[in-house]
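Using the sequences provided together with the hints, build the complete structure.
Protein sequences appear in the order of chains A and B. Each residue of the first sequence is one higher than the one before, starting from 439 at the first, in the numbering used here. Each residue of the second sequence is one higher than the one before, starting from 439 at the first, in the numbering used here.
By construction, these hints were calculated from the structure, which means they are not laboratory data. Honestly, I wouldn't trust all of these hints.
[As the list claims (entries may be wrong)] Here are the computed lysine-lysine pairs in the DSS-like style, where the Cα-Cα straight-line distance is at most 25 Å:
hint	chain 1	residue 1	chain 2	residue 2
1	B	K719	B	K756
2	A	K440	A	K543
3	A	K494	A	K719
4	A	K708	A	K756
5	B	K543	B	K445
6	B	K543	B	K494
7	A	K708	B	K543
8	A	K667	A	K647
9	A	K719	A	K756
10	A	K543	B	K647
11	B	K494	B	K647
12	B	K708	A	K543
13	B	K667	A	K543
14	A	K756	B	K543
15	A	K647	A	K494
16	A	K445	A	K543
17	A	K719	B	K543
18	B	K494	B	K667
[What the hints assert, rightly or not] Derived Cβ-Cβ restraints for the label pairs, each shown as a range:
hint	chain 1	residue 1	chain 2	residue 2	range
19	B	K440	A	D768	34 to 40 Å
20	B	T800	A	L442	34 to 40 Å
21	B	A584	A	E532	34 to 40 Å
22	A	R454	B	I680	47 to 53 Å
23	A	G730	B	S539	42 to 48 Å
24	A	D720	B	L555	45 to 51 Å
25	A	E523	B	P681	39 to 45 Å
26	B	S500	A	A453	54 to 60 Å
[Unchecked claim] Heads up, incomplete: computed chain A residues facing chain B, CB under 10 Å, no partners named:
hint	residue
27	F512
28	Y540
29	V702
30	L704
31	A727
Note that this is a predicted model, so its numbers are computed, not measured. We put the CB at the ideal spot given by N, CA and C, even for glycine.
Number of protein chains: 2
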Amino acid sequence: MKVLVPKKSLADTLARVERIVPNRSSNPGLSLLRIDVTDGAMELSGSNMDVDIRAKLPADASGNGTYAVTAHVFGQVVRALPGDEVALDFGENEMQISSGSYTTKLQLMSPGSAPVLSFPSDHAGSIDGALLARALGAVRYAAAVADFQAVFRGVKIELRDSHTRAVATDGFRLAYYHLETSTGLDADVIVPARSVEELLRVVDDGEVKLQLDDGQLSVEHDGYALNLKLMDGTFPDYERVIPTAFPVSITLPAHRLSEAVARVALMADKSANNRVDLFVKDGQLQITAEGGFGRSLEAIDVMQEGTDSEIRLAYNSKYLVDALAPTAGDVRLRFSGSNSSPSVVNDLGDPGYLAMVVPLRTT
Amino acid sequence: MKVLVPKKSLADTLARVERIVPNRSSNPGLSLLRIDVTDGAMELSGSNMDVDIRAKLPADASGNGTYAVTAHVFGQVVRALPGDEVALDFGENEMQISSGSYTTKLQLMSPGSAPVLSFPSDHAGSIDGALLARALGAVRYAAAVADFQAVFRGVKIELRDSHTRAVATDGFRLAYYHLETSTGLDADVIVPARSVEELLRVVDDGEVKLQLDDGQLSVEHDGYALNLKLMDGTFPDYERVIPTAFPVSITLPAHRLSEAVARVALMADKSANNRVDLFVKDGQLQITAEGGFGRSLEAIDVMQEGTDSEIRLAYNSKYLVDALAPTAGDVRLRFSGSNSSPSVVNDLGDPGYLAMVVPLRTT
Numbered sequence: 439m440k441v442l443v444p445k446k447s448l449a450d451t452l453a454r455v456e457r458i459v460p461n462r463s464s465n466p467g468l469s470l471l472r473i474d475v476t477d478g479a480m481e482l483s484g485s486n487m488d489v490d491i492r493a494k495l496p497a498d499a500s501g502n503g504t505y506a507v508t509a510h511v512f513g514q515v516v517r518a519l520p521g522d523e524v525a526l527d528f529g530e531n532e533m534q535i536s537s538g539s540y541t542t543k544l545q546l547m548s549p550g551s552a553p554v555l556s557f558p559s560d561h562a563g564s565i566d567g568a569l570l571a572r573a574l575g576a577v578r579y580a581a582a583v584a585d586f587q588a589v590f591r592g593v594k595i596e597l598r599d600s601h602t603r604a605v606a607t608d609g610f611r612l613a614y615y616h617l618e619t620s621t622g623l624d625a626d627v628i629v630p631a632r633s634v635e636e637l638l639r640v641v642d643d644g645e646v647k648l649q650l651d652d653g654q655l656s657v658e659h660d661g662y663a664l665n666l667k668l669m670d671g672t673f674p675d676y677e678r679v680i681p682t683a684f685p686v687s688i689t690l691p692a693h694r695l696s697e698a699v700a701r702v703a704l705m706a707d708k709s710a711n712n713r714v715d716l717f718v719k720d721g722q723l724q725i726t727a728e729g730g731f732g733r734s735l736e737a738i739d740v741m742q743e744g745t746d747s748e749i750r751l752a753y754n755s756k757y758l759v760d761a762l763a764p765t766a767g768d769v770r771l772r773f774s775g776s777n778s779s780p781s782v783v784n785d786l787g788d789p790g791y792l793a794m795v796v797p798l799r800t801t
Numbered sequence: 439m440k441v442l443v444p445k446k447s448l449a450d451t452l453a454r455v456e457r458i459v460p461n462r463s464s465n466p467g468l469s470l471l472r473i474d475v476t477d478g479a480m481e482l483s484g485s486n487m488d489v490d491i492r493a494k495l496p497a498d499a500s501g502n503g504t505y506a507v508t509a510h511v512f513g514q515v516v517r518a519l520p521g522d523e524v525a526l527d528f529g530e531n532e533m534q535i536s537s538g539s540y541t542t543k544l545q546l547m548s549p550g551s552a553p554v555l556s557f558p559s560d561h562a563g564s565i566d567g568a569l570l571a572r573a574l575g576a577v578r579y580a581a582a583v584a585d586f587q588a589v590f591r592g593v594k595i596e597l598r599d600s601h602t603r604a605v606a607t608d609g610f611r612l613a614y615y616h617l618e619t620s621t622g623l624d625a626d627v628i629v630p631a632r633s634v635e636e637l638l639r640v641v642d643d644g645e646v647k648l649q650l651d652d653g654q655l656s657v658e659h660d661g662y663a664l665n666l667k668l669m670d671g672t673f674p675d676y677e678r679v680i681p682t683a684f685p686v687s688i689t690l691p692a693h694r695l696s697e698a699v700a701r702v703a704l705m706a707d708k709s710a711n712n713r714v715d716l717f718v719k720d721g722q723l724q725i726t727a728e729g730g731f732g733r734s735l736e737a738i739d740v741m742q743e744g745t746d747s748e749i750r751l752a753y754n755s756k757y758l759v760d761a762l763a764p765t766a767g768d769v770r771l772r773f774s775g776s777n778s779s780p781s782v783v784n785d786l787g788d789p790g791y792l793a794m795v796v797p798l799r800t801t
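Okay, here's the thing in structure tokens:
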């Protein structure tokens, strides 16, 4: 069985699939890439147990065949090939890869050793890829890296009749992105944040098809199919903790605030939550920090609403910078008035985004 | 004491000095940067015991003062400053750093805690910076990363009446770069390869002044002064091991050989010296490798001298790729005919460079 395929498309596809297929695994079958050759196309598939991926690419092939190779070795060889075209010749035990003056014979493994994957052919839901990518990309940072409750390491996706919304929180901060559009599905799911990252690498402009089935969310887009294993557990009732009254709010350019916080925080004590203090009064925001090496101050003129009050709150500077990263243009920072109640960031140019940061307790 | 200095020049200078001053050290004085302010200039100096560095930059200053700060914190703050100009105001215990809307007060340390450094004012030797950088940059890779004999981790610099030459070897390969020019000094020195890297970051076009003194080589160039501590020990008599007779040699483009070796070596066994085999016969070079994942072959037409013989030798592919990295255009690969005697790489466009690689012993 011979297959001809352009080097660039094969290398690009392998690079995406390889991100998911583990290089080493206690289960050696997991490091295999399954190759299905059909008339005029090649399908590459693999899994890391949390995410299954299948990529389809056009190829000059006739006949049918199913093979398996070690994914990372195949990827390395293809990236290094000298020519623009790759010829794959599948034999009994070896796949010969030829390009220009170079030939490799790569050992074939039994396709039966590779994980058994199944991707749905029908999809009940769909959404615009750019919107989905924006929503997931804007909230992913707020998920916990490690936490006693697994759901904090996931991103909740509300697939409702009335809206679609992505939410992440680690208990100290929260981000959601709200879309006034329905996918056609009706369920709330929690997807591991790391799986969301892999999904973000595959999704861009164009329609994304969705299907919910048997503990997994399946996604199809632009030649790629993914199954994302869902997390069990109950996501916290986050809407309850978002304050509704804000005696003071300020408006200023997002990059101005983000850069100032990061700069001032250089003096903050890393072992004390990277604390920066915000002081708002009479249309001015003062950001200060103090630590073992010294102290710093930056003052910024802002548009202030609720000028009767002043605000003096401390934050983990990293949480503020993270919350501002998905924004552009002007942001509004709204203070709920108590130092135990969260502050809220809105992007004035993008009403779908909301971030919440809990101030540090100071005594 | 107030000093005004452009942010970019201060940030660039600090970045170079910071590479040498350790971020953390069991001797806390070593992480300090000494600042000497004089009329119209600022001098920054520090040391990691192997390399002392002093950088001079023009500054709007009047008066004299000597201060010390933690180098890395100062560098971080300066890089983050919002304005184009930096105002430094040295007080009793604090240095105030202001730029745009931002102000930091950084704690000053006692200059007496910083290492005592002295840089020569007179220099007996000199060399063109571009030549020195080329010579050192071309051989540095051949020094050992870790070895029982310390001299293998150094670069020998022959500063002779008749020539200047940089040499490095780890016992399995060797590189030298020969300049038909004298620095005016007359001595052979061994500089730690890591110090050579720091020197390479500072040296570029223009005159480099040299001075040998008390176990160190001092270098001055473009506002920077460095003292490089020399290594004790006897460098191996390397000229003795370079073969003089080569029954077969081949000529081909360097990048062609380097890419082919790297590509074929993807199939090589990493635990067996990344072995690739070279087979030369009738004007063709065949490169092959074999390992657990499969085998690979690349054939290249070459210009062959000594066509009566054929060559069949094995190499560590990494050593071949390293030896070719400093070359461009065509290279000549010369084989001494025995599989225990080294092969030699010459750059046809740059006669100063020579690399030697010992073949793998095969049975």
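Right, here's what the structure says about each hint:
Among the hinted pairs, B/K719 with B/K756 is consistent with the structure: their alpha-carbon atoms are about 23 Å apart, no more than 25 Å. Simply put, A/K440 and A/K543 have alpha-carbon atoms about 14 Å apart, close enough for the 25 Å limit, and the pair holds. Among the hinted pairs, A/K494 with A/K719 is inconsistent with the structure: their alpha-carbon atoms are about 58 Å apart, more than 25 Å. Between A/K708 and A/K756 the CA atoms are separated by roughly 10 Å; this keeps the pair inside 25 Å, and the hint holds.
Between B/K543 and B/K445 the alpha-carbon distance is near 17 Å, which keeps this suggested pair within the 25 Å criterion. Restraint check: the Cα-Cα separation between B/K543 and B/K494 comes to about 23 Å, which is no more than 25 Å; the hinted pair holds. Of the supplied pair hints, the one linking A/K708 and B/K543 holds, its CA atoms being roughly 17 Å apart against a limit of 25 Å. For the suggested pair A/K667 and A/K647, the alpha carbons sit about 16 Å apart, so the restraint of at most 25 Å is met.
With a C-alpha separation of about 23 Å, the suggested pair A/K719 and A/K756 falls inside the 25 Å cut-off, and the hint holds. Between A/K543 and B/K647, the direct Cα distance comes to roughly 55 Å. Violation of the 25 Å bound is thereby established for this hinted pair. In summary, the hint linking B/K494 to B/K647 is supported, as the alpha carbons are separated by about 16 Å, within the 25 Å threshold. With a C-alpha separation of about 17 Å, the suggested pair B/K708 and A/K543 falls inside the 25 Å cut-off, and the hint holds.
At most 25 Å may separate the alpha-carbon atoms for a hinted pair to count; B/K667 and A/K543 exceed this at roughly 51 Å. Between A/K756 and B/K543, the direct Cα distance comes to roughly 21 Å. Compliance with the 25 Å bound is thereby established for this hinted pair. Taking the CA atoms of A/K647 and A/K494, the gap is near 15 Å; set against the 25 Å cutoff, the hint holds. Restraint check for A/K445 and A/K543: the C-alpha separation of about 17 Å stays at or below 25 Å, so the hint holds.
Only pairs whose Cα atoms come within 25 Å are accepted, and A/K719 paired with B/K543 is accepted, the gap being roughly 23 Å. At most 25 Å may separate the alpha-carbon atoms for a hinted pair to count; B/K494 and B/K667 meet this at roughly 21 Å. Between B/K440 and A/D768 the CB atoms are about 36 Å apart, so this pair conforms to the stated range of 34 to 40 Å. At about 37 Å, the CB distance of B/T800 to A/L442 agrees with the hint of 34 to 40 Å.
Evaluation of the 34 to 40 Å hint for B/A584 and A/E532 yields a pass: the beta carbon distance comes to about 38 Å. Between A/R454 and B/I680 the C-beta distance comes to about 48 Å, which sits within the given range of 47 to 53 Å. A beta carbon spacing of about 24 Å between A/G730 and B/S539 contradicts the range 42 to 48 Å that was offered as a hint. A beta carbon spacing of about 50 Å between A/D720 and B/L555 agrees with the range 45 to 51 Å that was offered as a hint.
Taking the beta carbon of each, A/E523 and B/P681 are about 42 Å apart, inside 39 to 45 Å as hinted. Between B/S500 and A/A453, the C-beta spacing of about 58 Å keeps the proposed range 54 to 60 Å intact. Nearest Cβ of chain B to the Cβ of A/F512: about 9 Å, under the 10 Å cut. The hint holds. With a cut of 10 Å, the hint placing A/Y540 at the interface with chain B holds, because the nearest CB-to-CB distance is about 4 Å.
Because the closest C-beta pair between A/V702 and chain B is about 7 Å apart, less than 10 Å, the hint holds. This hint holds: A/L704 has a C-beta 5 Å from the nearest C-beta of chain B, less than the 10 Å allowed. The criterion of a C-beta within 10 Å of any C-beta in chain B is met by A/A727, whose closest approach is roughly 9 Å, and the hint holds.
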